[in-house]
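Student: So the protein lines, in turn, are chains E, P, C and R. If you use the working numbering, the first sequence corresponds to residues 1142 to 1280, in order. If you use the working numbering, the second sequence corresponds to residues 1142 to 1280, in order. If you use the working numbering, the third sequence corresponds to residues 1142 to 1280, in order. If you use the working numbering, the fourth sequence corresponds to residues 1142 to 1280, in order.
Derived from the structure by calculation, the hints contain no laboratory data. Any given hint could turn out to be false.
Because identical chains share one entry, a pair is satisfied inside a single copy or across any pair of copies.
Each computed SDA-like pair below joins lysine to any residue, with the alpha-carbon atoms no more than 20 angstroms apart [said to hold, decoys possible]:
1) K1276 with T1258
2) K1277 with F1191
3) K1276 with R1249
4) K1276 with N1248
5) K1277 with R1184
6) K1277 with W1164
7) K1276 with A1247
8) K1277 with A1220
9) K1277 with R1259
4 protein chains.
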Amino acid sequence: MTEQELAERIVAQMMRNDAFSRWLGIEVAAVSPGRVEVRMAVREEMLNGFRVAHGGIAYALADSALAFASNTRGRVALALENSIFYPAPVHAGDVLTAVAEEVAAANRVAAYNVTVTRADGTNVGVFRGSVYRTKKAHF
Amino acid sequence: MTEQELAERIVAQMMRNDAFSRWLGIEVAAVSPGRVEVRMAVREEMLNGFRVAHGGIAYALADSALAFASNTRGRVALALENSIFYPAPVHAGDVLTAVAEEVAAANRVAAYNVTVTRADGTNVGVFRGSVYRTKKAHF
Amino acid sequence: MTEQELAERIVAQMMRNDAFSRWLGIEVAAVSPGRVEVRMAVREEMLNGFRVAHGGIAYALADSALAFASNTRGRVALALENSIFYPAPVHAGDVLTAVAEEVAAANRVAAYNVTVTRADGTNVGVFRGSVYRTKKAHF
Amino acid sequence: MTEQELAERIVAQMMRNDAFSRWLGIEVAAVSPGRVEVRMAVREEMLNGFRVAHGGIAYALADSALAFASNTRGRVALALENSIFYPAPVHAGDVLTAVAEEVAAANRVAAYNVTVTRADGTNVGVFRGSVYRTKKAHF
């Protein structure tokens, strides 16, 4: 199995078992070792009282992208700490894309930047996550 | 209208119109100016592929608590940046409580600490959020 | 040796060998297991081009408080990720106090909130840090 | 004055008046609108009790890069919130480079990613900062 095949198999299995990512309507658009791109459409039930998407929506999409990307290396990786900056609001009907990319990796920990954009290219979430890389292999 | 009544009215109205907080099953447990406590039960559809709650769940609960608490002062407040550290996992059936408290407030910006705990008192989310306070009044 | 004595000995030794904390003029004001309070006076050479303290000054004071507090438990702890929100500026002559307190601890990781205040009580830094707890004992 | 000339003039003036950046030994290596690269050498007096650079050192370099980059647009920008992840330690003698790049900009706020690397290319700081853009022009 190549590194690329391993990455794809891990993400496919994680996505299959991930009930909340399925509720969100997340689709995996691209996978490679250390990098994952996902997509989802924003629905009415995802809005808050200001008629914009709840902050948890862009966050959850980015967090799924982080989880997938940080596990592509083969070992089970667990979220330690995430942060997100919201430059612009998200509305019902928007299609969001999140791209997670590894920016630093040590033996036990690694960091990923995740960018969330609307279809018109506007950045709506600047996210960074750090993970703890366990010794447990996925396969 | 006292400050306490204003805080309660704002949170009640925000909660009423917040579709995603209602999907999460959030209940408002306590409100005072600058402080809000909310609660929710974790359901199967909120889990990820590791059979623990998706990171977006504890985050979304904390983010709702932040949104409510930061708006209690009377002016519309918008999220700027949030971060969350995950000390322990959350499982289906857990009842989570989030307490948001103002820790610093300037004219335009303010910061809140939010603590998310399980019913047994275990801390499962250490969250901080900063908001931009607009000049627009809720009422 | 009690837990309190251990905490004091570790902080005293860390401070003695910490050249940058000494350059900052940091004094340790209080130590207990999981909690440390430090203090420093802001000097002209710590200012930036806007005639306020460089952002690295309040950060470094908080980071020292975090390092001391997270090591009081007896095992060597290493910084993973820190964040700071700046509610108000700091000027030359200000005396800053930072209090670091453990808010969550798992086996391998722990989180601390650190509050930085001026002598008049104004909050000038809302800081949170997470650390990795190694298996290596200080003594 | 072109945008490039404006950016260069602002950074030169900020650096000239920035006592702490001068104490750090920061040199400005490259400037363009929204992007700044800076460099410094780590000295013995910057180390902590573990004989590695105090966490405040890589942070301060990144914070200076953020301050310069976020002011290149012409209006005075003030730090709101910063975070840093430390993938690897820094030692005396290391030459650090920090590159700050704008990743999102709204009218009032903007976010920057800053990467801090050693001369061998190892990433030693993954930093993100958000700023508030005032209406005040530099010139």
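Student: Could you place K1277 and F1191 in one of the four classes (within, between, both, neither) given a Cα distance threshold of 20 angstroms?
Tutor: between (43 angstroms within a copy, 13 angstroms between copies)
Student: Under a CA distance limit of 20 angstroms, which applies to K1276 and T1258: within one copy, between copies, both, or neither?
Tutor: neither (33 angstroms within a copy, 27 angstroms between copies)
Student: Please sort K1276 with A1247 into within, between, both or neither, judging by C-alpha distance up to 20 angstroms.
Tutor: both (13 angstroms within a copy, 18 angstroms between copies)
Student: Is the C-alpha distance from K1277 to W1164 at most 20 angstroms within one copy, between copies, in both cases, or in neither?
Tutor: neither (28 angstroms within a copy, 34 angstroms between copies)
Student: 20 angstroms Cα cut-off: does K1277 pair with A1220 within a copy, between copies, both or neither?
Tutor: Within. Shortest intra-copy distance 15 angstroms satisfies the 20 angstroms Cα cut-off; inter-copy 24 angstroms does not.
Student: As a check of your reading, is K1276 near N1248 (CA-CA no more than 20 angstroms) within one copy, between copies, both or neither?
Tutor: both (10 angstroms within a copy, 16 angstroms between copies)
Student: Regarding K1276 and R1249, is the shortest C-alpha distance of 20 angstroms or less found within a copy, between copies, in both, or in neither?
Tutor: This pair counts as both: shortest intra-copy Cα distance 9 angstroms, inter-copy 14 angstroms.
Student: Are the CA atoms of K1277 and R1259 at most 20 angstroms apart within a copy, between copies, both, or neither?
Tutor: neither (36 angstroms within a copy, 27 angstroms between copies)
Student: Using 20 angstroms as the alpha carbon limit, work out where K1277 and R1184 are close: within a copy, between copies, both or neither.
Tutor: neither (36 angstroms within a copy, 27 angstroms between copies)
Checked against the numbered hints listed earlier, the structure breaks hints 1, 5, 6 and 9; every other hint is satisfied.
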